[in-house]
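Sequence lines, in order, name chains S and R.
Take any residue in the first sequence, note its place counting from 1, add 338, and you have its number in the numbering used here.
Take any residue in the second sequence, note its place counting from 1, add 338, and you have its number in the numbering used here.
Fair warning: there could be bad hints in the mix.
Identical copies carry no separate label here, and so any pair may be met within one copy or between two of them.
Said to hold, decoys possible - In silico lysine-lysine, DSS-like type, Cα no more than 30 Å apart, as pairs:
1. Lys448 / Lys426
2. Lys657 / Lys416
3. Lys542 / Lys630
4. Lys646 / Lys426
5. Lys630 / Lys436
6. Lys468 / Lys657
7. Lys542 / Lys639
8. Lys542 / Lys557
9. Lys630 / Lys651
10. Lys448 / Lys542
It should be emphasised that the hints constitute simulated quantities derived from the structure, not laboratory data.
Note that the coordinates shown come from a computational prediction; the quantities given were computed from them, not determined experimentally.
2 protein chains.
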Amino acid sequence: LAAPTLAVAADAPPIGLPSWNDGEAKSAIIDFVTRVTTEGGPDYVAEADRIAVFDNDGTLWSEQPMYFQGMFINDRVKAMAPDHPEWKDKEPFASLLKGDMAGVAAAGEKGLVELAMATHAGMTTDDFTKIVKDWYASAKHPRFDRPYNEITFQPMREVLDYLRENGFKTYIVSGGGIEFMRPMTEQMYGIPPEQVVGSTITTKYELQGDTPVLMREPKVDFIDDGPGKPVGINKFIGRRPIFAAGNSDGDYEMLRWVTSGSGPSFGMIVHHTDGEREWAYDRQSHVGKLDKAMNEAEQRKWLLVDMKVDWNKVYAFDK
Amino acid sequence: LAAPTLAVAADAPPIGLPSWNDGEAKSAIIDFVTRVTTEGGPDYVAEADRIAVFDNDGTLWSEQPMYFQGMFINDRVKAMAPDHPEWKDKEPFASLLKGDMAGVAAAGEKGLVELAMATHAGMTTDDFTKIVKDWYASAKHPRFDRPYNEITFQPMREVLDYLRENGFKTYIVSGGGIEFMRPMTEQMYGIPPEQVVGSTITTKYELQGDTPVLMREPKVDFIDDGPGKPVGINKFIGRRPIFAAGNSDGDYEMLRWVTSGSGPSFGMIVHHTDGEREWAYDRQSHVGKLDKAMNEAEQRKWLLVDMKVDWNKVYAFDK
Ligand SMILES: [Ca+2]
Ligand SMILES: [Ca+2]
């Protein structure tokens, strides 16, 4: 496994994937990166075209017991409740405030959108960014009692670093809200805001007095999930990536798009197989359902990462 | 004017703005860049936050006798006409095919949208990119009889280079079609596709046989003009730029947004004052109308560049 050092600039620090166990998965990643960075080789890819895209929930950080943005919504509804006495009698707010998550779920997608809009719209972009930052600074994951930025996958952070050291530009392409991610992706993953693609609500330019602001409106602009992911990639990035990582059927179309280009490409799926250190789920899960993409992984030559087997650490704080 | 070299890394080539005449405009640009790159100085801006945004039409290249994307539409309707015999009797296609531009104009905005959709939608993104590249390779500007990539403003290309040499990330933020620009911006301006923000039509992920494609649909997704520019900046870039250049009232809100941040910022307007080397127009023009933004330039401390006075070259081919 000395190959990767060939691809690394002479003055770069030695790079590896220390949280990955030796095996097929680790070798496949290193082999691909080595091939596309070997000048004069048949699979060489110019640096400008080394675009890598990563799903976020379940791929770069956990998504249990619910999407972390759902935890944010939960906390925000509670924090905002004193200013909204009407929520006591209005579903799904009433159920949420009583901690009755089954009651929240009963309100269906329409109810979830209402909760999302109540907590994500009606303020300026600057104000929302501050709310998000404050939440990240104070909220803790219920199982691990640690801030959410620590519930990120150390092996995937190493993949991000490794790709960047090899001239890749790394992007997040997530179904999550773009402005829920951007305040933290630089710190968590070394990914700047302009390299975060996600779902958006509309914003509107307005003057507050003589000061221009962007007001967040309760209206969906773009859903960056499933077939929306290649659409978002094309819209925001404008060229076809050569590396994609996901964990669910919501990444299926992105994986297809990225691995259908004319040159070399790499698709990988994080399979949640570790019920002890993290969670184990796939075909039957209502969060991060992985079924069709797993069925086709072999045919499409996508790497199926077995979290339990391939990772010697899940989180940085794991012993 | 030796100051700028202070701000440039020791190993960088000497940078200047040779196509700019010495004077207030050139000094203002250099002074701003020097201030925000002087470490320890009161106006120092971290490199990651040095985002610069440029309008395209009339700011980086000419926009007369019509927007160049209009020339593309014109050429494409003619090229496609043999496959569309019905256009002979259908406005605004019929007028365009007869070269009757007044007839085209009579169809109003609705007619222009029809022309745009007929030439921009109904094919895959890959096919459209090829069409655009072929057009750039063959089309010539009617006045100069040169390819459109040469009808770019040499002084502005120098500003782009100068900013990048000083750690800025340069973006286009244009009302033009994003996929009409992306195939050429790297070559014309050194700006990669992922740093081009523009107007978009919707695309749809589909399978052609077993091959995923993105089909371009005849439906407006986003208009990146006027108040849409700060919206597009926020959506695509996710942080507030500190440098903005435009040439018309369509850039007014972008200039306001960029120059309303809490730190140092710079706004500039290219004023088309040179009827000999280029074109002279402002308040009364239906292309690139510059009225409100010019009225407020002094109050807002935006630099008003006088093309005739401040530029010793307009195009690279000028003597
Ligand atoms: Ca996911
Ligand atoms: Ca313009």
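Structure-based check of all given hints:
{"no.": "1", "hint": "Lys448 / Lys426", "verdict": "within (18 Å within a copy, 48 Å between copies)"}
{"no.": "2", "hint": "Lys657 / Lys416", "verdict": "neither (35 Å within a copy, 68 Å between copies)"}
{"no.": "3", "hint": "Lys542 / Lys630", "verdict": "between (38 Å within a copy, 20 Å between copies)"}
{"no.": "4", "hint": "Lys646 / Lys426", "verdict": "neither (43 Å within a copy, 66 Å between copies)"}
{"no.": "5", "hint": "Lys630 / Lys436", "verdict": "neither (37 Å within a copy, 53 Å between copies)"}
{"no.": "6", "hint": "Lys468 / Lys657", "verdict": "neither (33 Å within a copy, 53 Å between copies)"}
{"no.": "7", "hint": "Lys542 / Lys639", "verdict": "between (44 Å within a copy, 25 Å between copies)"}
{"no.": "8", "hint": "Lys542 / Lys557", "verdict": "both (11 Å within a copy, 20 Å between copies)"}
{"no.": "9", "hint": "Lys630 / Lys651", "verdict": "within (27 Å within a copy, 59 Å between copies)"}
{"no.": "10", "hint": "Lys448 / Lys542", "verdict": "both (23 Å within a copy, 24 Å between copies)"}
Checked against the numbered hints given earlier, this structure breaks hints 2, 4, 5, 6; the rest are met.
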